[in-house]
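Protein chains: 2
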Amino acid sequence: MAIRMGIIGFGYMGKWHLNNAPKVENVSVVAAYDIVPERVQAAEEAGLKGFYNLDEFLKEDINLVLVATPNDVHCELACAAMKAGKNVICEKPVAMSLTEVDRMIATAKENNVLFTVHQNRRWDKDFRIVKEIIETRELGNVYAIHSRLHGTRGAMFGWRAEPEHGGGMIYDWGVHFVDQLMWMLGFDAIKSVFCKTVKVKTPEVEDYFFLLLDLKSGAHIQMEVGTWVLNQLPRWMILGDEGTAYVNDFTRNGGIIKVDETVEPEEIVVMTTSGPTRTFAPRGKKEIINKELPDSPADLTEYYANLRDAIDGKCELIVKPEQVRAVFTVLEAAFESAKTGRQIEL
Amino acid sequence: MAIRMGIIGFGYMGKWHLNNAPKVENVSVVAAYDIVPERVQAAEEAGLKGFYNLDEFLKEDINLVLVATPNDVHCELACAAMKAGKNVICEKPVAMSLTEVDRMIATAKENNVLFTVHQNRRWDKDFRIVKEIIETRELGNVYAIHSRLHGTRGAMFGWRAEPEHGGGMIYDWGVHFVDQLMWMLGFDAIKSVFCKTVKVKTPEVEDYFFLLLDLKSGAHIQMEVGTWVLNQLPRWMILGDEGTAYVNDFTRNGGIIKVDETVEPEEIVVMTTSGPTRTFAPRGKKEIINKELPDSPADLTEYYANLRDAIDGKCELIVKPEQVRAVFTVLEAAFESAKTGRQIEL
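Read top to bottom, the protein sequences are chains A and B.
Quick note on the working numbering: the first sequence kicks off at 1 and runs consecutively.
Quick note on the working numbering: the second sequence kicks off at 1 and runs consecutively.
Hint data in this document are derived by calculation from the structure and do not stem from the laboratory.
Treat the hints with care, since some could be wrong.
Since the list can't tell identical chains apart, any single copy or any two copies may satisfy a pair.
[Stated by the list, open to error] Below, computed lysine-lysine pairings styled on DSS-like, alpha-carbon distance capped at 25 Å:
| hint | residue 1 | residue 2 |
| --- | --- | --- |
| 1 | Lys201 | Lys258 |
| 2 | Lys131 | Lys201 |
| 3 | Lys291 | Lys201 |
| 4 | Lys49 | Lys15 |
| 5 | Lys131 | Lys216 |
| 6 | Lys258 | Lys291 |
| 7 | Lys339 | Lys216 |
| 8 | Lys191 | Lys49 |
| 9 | Lys285 | Lys201 |
| 10 | Lys201 | Lys216 |
| 11 | Lys49 | Lys23 |
| 12 | Lys291 | Lys339 |
| 13 | Lys131 | Lys191 |
| 14 | Lys320 | Lys191 |
| 15 | Lys199 | Lys216 |
| 16 | Lys49 | Lys83 |
| 17 | Lys258 | Lys199 |
| 18 | Lys131 | Lys258 |
| 19 | Lys339 | Lys191 |
| 20 | Lys131 | Lys199 |
| 21 | Lys201 | Lys286 |
| 22 | Lys286 | Lys314 |
| 23 | Lys23 | Lys314 |
Based on the provided sequences and hints, a complete structural model is requested.
Take a look at the structure:
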């Protein structure tokens, strides 16, 4: 079936989808609805049929609606579209509460339409590299994962700085990074959650969080995202008992480090002002093996192609509603932990 | 009073003290006791009076005993020395349980001698730099501290790999790093503890730990020490609302990064394979201010000089028994957390 897509909310991400979804065969964007007249006009200038009224928009000949508004109206708008028989992509985070998430999932079932969320960062190059490294057991048994994103701008943009619209860093990036890890490690992999949030430069929402995810496997995840961490640590560190991988940014910049056990270790002692250390002395250069990161493919158009084929009943959705719900449960636990100072068991 | 020091346990650290304590005026090392005959001979070759018997050693004309044995006999030996009227320096970690720590503190009081622990890493250059940065409020309000030590050797030396002798990374380095932070931030600063331990390359003790210390101030500490983290992150990261400091190793290698708010921010968008980000785009180079780390003095001989003067009643000990006890309480909470998977409230 040809996908005729309509966009609700023709802002930053709405335009992004207009530029990307049609890269896939049999997917076109035909209409847009917004409450801001200038945006409706911008949509019309971009060749779409513009709507100032939701009901009129939903009567249009479209079979997929993308909801790209602030988070606080995702549920209401997605449900309206599903009740009108449209399949729905919702931008992340899916909603403002688990109650809303459940309402959206139920509405999809009742109206026999597909419902998915734009967890686009499952297609980030850096993440695909990490996923390949872990799945091929390149590092043996992985005992810890660092997932970090450090920025210097000290700013959350627009409504992302406003709590009433679902702003804050946990909803903005936490939702992606938790989704990446759960998709890779299993949606039931997390045992407990501890979270610290800070409003460093943004008065009303957290623009920094540290999230510790303790896994049932015994491994753990250190996740740290902040817009005001001026010395950036690598985006990823993967600690395995056969080696360490690091990915510095969103690209293939990084490496895998192993030790050549066949080389006799050099005896080195490091002096500090307060004493020596043998344990933390470096190895000789000959003992270290540096490998390139795998060049894992990462093609976001797969997202739209999958949805198109799922609508045709040819395959399952990659981003499934129950996965979205599982991720949201972790985010709610993170907020609860940050508020109470307590570890939350899942 | 001239300090005449005797060493119990003439191993790696015993020799270290012999080489360092006499750098201070009025401190000399005169005797050593060990249960290993070769070590007694080594002590004699180094010019000390060697003892094969503890009672004989304690009858010697010494007024300070250094206990540098494996951890499991610290309490017994330190108490024997104090009962013989000697002041005592014990190597870290002080003991194997809080019960032992309390016995040692009580024995010091009963015998009216001084008791201290060799928390030498209070004199590490890197730590002194961090302490100065925090105390001068160079970074404004500090909301997170990373204290890390990553090694590549995958080894704990000698008895440090043996649980029955008090081995493991929490006792070996955790005790230093917790002591550093509590001395700097306050011995009652910590609210709760969460800890993960891993036996990556050492069969019987943890050679990796991650310790999350949640502070009453609202800030938190991420502490990670491992002998098998092949891509080393900086020893310290200090995240403040006016800037970030990083110290790469045990030296002054690192910097302070701030932002020049008078420069108009460049508009930059970073593309990733799955979408753009404005929030995590870098700043223009003109906006960034790079500063050198302060050159904070760090002189370990202060440790011995302080003890000498404290024995003379001229000053208080820098490393006080009740501080040692507070640090040990945190270590016990860390072990309990690692064992149970639960956050421990202090």
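Which constraints among the numbered hints does this structure fail? Numbers only, ascending. Per hint list: 8, 12 and 22 violated.
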